[in-house]
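Construct the entire structure; sequences and hints are all you get.
In order, the protein sequences belong to chains S and B. Here the first sequence is numbered in UniProt numbering, starting from 1 and rising by one per residue. Here the second sequence is numbered in UniProt numbering, starting from 1 and rising by one per residue.
Don't read these hints as lab results, they were simulated from the structure. There is no bait here: all hints are sound.
Dumping the calculated EDC-like pairs for lysine to aspartate or glutamate here, alpha-carbon to alpha-carbon at most 20 Å:
id: 1; chain 1: B; residue 1: 392; chain 2: B; residue 2: 421
id: 2; chain 1: B; residue 1: 368; chain 2: S; residue 2: 369
id: 3; chain 1: S; residue 1: 368; chain 2: B; residue 2: 369
id: 4; chain 1: S; residue 1: 353; chain 2: S; residue 2: 332
id: 5; chain 1: S; residue 1: 368; chain 2: B; residue 2: 348
id: 6; chain 1: B; residue 1: 392; chain 2: B; residue 2: 197
id: 7; chain 1: S; residue 1: 353; chain 2: B; residue 2: 348
id: 8; chain 1: B; residue 1: 368; chain 2: S; residue 2: 348
id: 9; chain 1: B; residue 1: 261; chain 2: B; residue 2: 293
id: 10; chain 1: S; residue 1: 353; chain 2: B; residue 2: 462
id: 11; chain 1: S; residue 1: 353; chain 2: B; residue 2: 54
id: 12; chain 1: S; residue 1: 353; chain 2: B; residue 2: 427
id: 13; chain 1: B; residue 1: 353; chain 2: S; residue 2: 462
id: 14; chain 1: B; residue 1: 353; chain 2: S; residue 2: 54
id: 15; chain 1: B; residue 1: 353; chain 2: S; residue 2: 56
id: 16; chain 1: B; residue 1: 353; chain 2: S; residue 2: 348
id: 17; chain 1: B; residue 1: 261; chain 2: B; residue 2: 294
id: 18; chain 1: B; residue 1: 353; chain 2: S; residue 2: 427
id: 19; chain 1: S; residue 1: 353; chain 2: S; residue 2: 325
id: 20; chain 1: S; residue 1: 353; chain 2: B; residue 2: 56
Taking beta-carbon pairs under 7 Å as the criterion, some of the chain B residues facing chain S (in silico):
id: 21; residue: 403
id: 22; residue: 461
id: 23; residue: 474
Every residue gets a Cβ at the ideal spot worked out from N, C-alpha and C, and that includes glycine.
There are 2 protein chains.
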Amino acid sequence: MGQPHLDLEAPPPLPPGALRVMALGGLGEIGRNMAVLEFDGQLLVIDCGVLFPEAEQPGVDLILPDFGVIEHRLDDVVAVVLTHGHEDHIGAVPYLLRMRPDIPLVGSRFTLALVRAKLREHRIDPVLVEVAAGDDHVAGEFHCEFICVNHSIPDALAVAVHTPAGVLVHTGDFKMDQLPLDGRLTDLGTFARLGAEGIDLLLSDSTNAEVPGFVTPERSIGPVLDDVFEHAAQRLIVSSFASHVHRIQQVLDCAVRHDRKVALVGRSMVRNMGVAADLGLLRVPAGLMVRLDDAMTMPPEQVVLISTGSQGEPLSALGRMARGDHHHVTIEAGDTIVLASSLVPGNETAVYKVINGLARLGATVVHKETARVHVSGHAPAGELRTLLNVAKPRYLMPVHGEWRHLRAHAALAEQTGMTADRVVLAEDGVVVDLLDGKASIVGSVPIGNVYVDGLAVGDVGEESLQDRRILGDEGFVALTVVVEPSTGTIVRPVHLTARGFSDDPAAFAPALALVEDELRRQLSTGPYDAHRLSQVIRRTVGKWVSDTYRRRPMIIPTVLEV
Amino acid sequence: MGQPHLDLEAPPPLPPGALRVMALGGLGEIGRNMAVLEFDGQLLVIDCGVLFPEAEQPGVDLILPDFGVIEHRLDDVVAVVLTHGHEDHIGAVPYLLRMRPDIPLVGSRFTLALVRAKLREHRIDPVLVEVAAGDDHVAGEFHCEFICVNHSIPDALAVAVHTPAGVLVHTGDFKMDQLPLDGRLTDLGTFARLGAEGIDLLLSDSTNAEVPGFVTPERSIGPVLDDVFEHAAQRLIVSSFASHVHRIQQVLDCAVRHDRKVALVGRSMVRNMGVAADLGLLRVPAGLMVRLDDAMTMPPEQVVLISTGSQGEPLSALGRMARGDHHHVTIEAGDTIVLASSLVPGNETAVYKVINGLARLGATVVHKETARVHVSGHAPAGELRTLLNVAKPRYLMPVHGEWRHLRAHAALAEQTGMTADRVVLAEDGVVVDLLDGKASIVGSVPIGNVYVDGLAVGDVGEESLQDRRILGDEGFVALTVVVEPSTGTIVRPVHLTARGFSDDPAAFAPALALVEDELRRQLSTGPYDAHRLSQVIRRTVGKWVSDTYRRRPMIIPTVLEV
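Printed below as a string of structure tokens:
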């Protein structure tokens, strides 16, 4: 299998007639998906999403793809194709458009509706090009053909990009639910036709490559919900992703069958379902919906709340309910809460905290580990093999996955008969050229993490994060001494501030005495040197705290001269 | 179902003839298991374990049960019964024995061997009472009878405590593997006999109460390992818990069958397997083991390394290998790594980071989600029901679980025909009295988290943790101004130190000018007031940073008077 060179050099200039492919995100991680295609000086971007931070990136709100590689060439970008409306595919669009607002955004109706709402918050008025499955759109040298795929959000598309160098197909995120609620099947016929014509390079979703078999239909959740509704004697709350229109549709249908009214809880849930209903993607029976205020005055057994917070977000409606501090909703013993959602890796602790909080209050909590109230939106191994067999690409480049997923996808390709040299295993920044029908890794460019924290983009970097990790684990102790430099006398004894180290305010008292002694000794035995005094403070306190506590708080000495 | 009162009062004095039961840990959480029994002024402790911290408890090494409830009564403790040698059952023993070293510790041979090794590190020489399944031990008014149970560590015991108030049975951790490697079956016969004689209160392991069915035998892992060994052409590394003797035994047996020598990697692995071999619990064929140094000079296909690090610990041997910075072991493309272990909730991100690191280097990683290389050590629903049907307790108190597990266990009990009033749902600190054959909640005592951080116990509390969380997410900015108080003049302009806020060293320059202005205005318009100046600094910087960045770093103003 094409072993990625872990120490690649910068790529050569793009040869004439070649198509270049590079991911700025989404290869080696789940999130911030962004592929950049280059042909004859023109760039086509496919998706532009965000990545959510891990515990090792404390305080960060979002991680963006590193635009550094293309930001000096934004005028060369002929379009951004958006395969669907999930945050990991559209979330970074505002940050790209801040730099050049008139880059055309090409996508399906629902995708563009979501991205338009997002851009409005950033006060950006975008250039939108709406396409549907089967449509063509020509952006410079890139002739794009859009293909229907089925995913956990409506209106998802794959894209075939026809270029003089060859044909590249990007699946976006997809699965092959054979009984989709909206009838939108992944269009295997078109994949087969493209395959027969010749797909040079297939970029395919690897998220579930480690999972054997085929997806369970979304539709199968309906009867499970029916059973839960049937047994719920009191209040019923269903939590899900705010973009999962089909999941919400099933809850609405279930509510109709069980004579419950529906109230939506959570800003993004209300907004997205409004958009979906306006576009005819969510069928809302007349009289079904009630306002939350009204819902709370109705008998609990006559309402179902549909809420955000399925990932254990502490500030979400459900998070507050679990702690018993939601303004409107109080959980009572015997209530039923359904988490009809995935458990995104990294959120486990938060989600279980919510489940335990609800269980403690006496609620029955139904979640994916206790009942089939969720199915994944990504094709597992069986479907990935199917796509490979149908599309028969010359080369496969697994995308959208951590390394474990990319490798698993590569192994599936080998099972279907592709030889190892036909699988291009790349990570973010690795440059792949398609030339004369042959795809190969030609180099790599450095890709960093661009952090959004509050209003600022990029000012928090690895140095700040490293400081945060130390401060967060160990706290700090700051020691300030005021010195008269001409005489080398201490004008004011050492002032100490420590936070996050100990609940005992006197913890550092012994160290303070030691420092005073050391400083006096220093000043009496040599010439005054502010830097040296700082070192003395740092060393003395560092040794004391290590010996006494076996801990390493951040030590910040300051010598102020007056 | 016995609904716990969430706002219970302090319990009344223990009535004569009553048995009191209270958990200091393990109810409402997975870990720091510790139950305290009281009869006629005497205390019996069952287990004394640690809890591992979550992300919300940054920098903490361990969490202990809150001994506050019993520390003024340590002379009343007649014994500590240890059901088995896992950290969440024995890890806090050294901290208890620091306060009274001669409390007798009662447990099986392997359990005591592990606790002895642990106490040696703390320089404590304990009083040990070795017991085996079937043995009796009388500790004051508590007549203890030990029962064989099967778990993921050898030599585990349940305990029946006969008291004048009635019979309490505590399962410890258990499962019902019907083909255990060492032949030690969970002794249903004794549970049945005790049930026939009358069990008044059963405390039973709830960890897997949400999991349907029955455990897969530990033995079933052998053929899976055989298959992995069969296909491994190069280096092979198996990672597991250092206390899982039976899992390691299977790796040894597999190594023999596939002509590989074995080297152990990791301090705790070497130590525990030494103990297990000495006690005859691990059968090590002569000539099988080699030293790691020697293993590294042998052809890779002739060795298997058995390593710690299965939970993704970054400093473990496996964690270092995954990052490519282990001193001795370099992962090559084509190597095979097996994580033959559970994935402890909260460790997911760390474990996947290790798996991805290994996959990136080209290794094939086999883990519980891709092959059956792990089975749990805890009884799932089917076995919990079986125990209830065999032991027929009058009352059940689910233990060892978060709220979701305790409630699921209660639901299982109701399925077996126990009425809701026979299930005592309690959390840490809730006091249950058994009087005249009736178990009931009579109150609760406050239970806190006692944090071990480095060498100190208890000095880090909620205040320090709250500071750490803020510092870790947002960093801090400290501003110091030196003032001559009698004249109210600023002797030295504001000195600013910020860490963890921004990688831009000039980030706060505009704020600094604002603060200087505000301070001067303050000093020129009113009498000098140090506290007021601090407030001005905090408010000015706080508003500026919130307006500019939408962030909330810790702001630490200091006014130094000279």
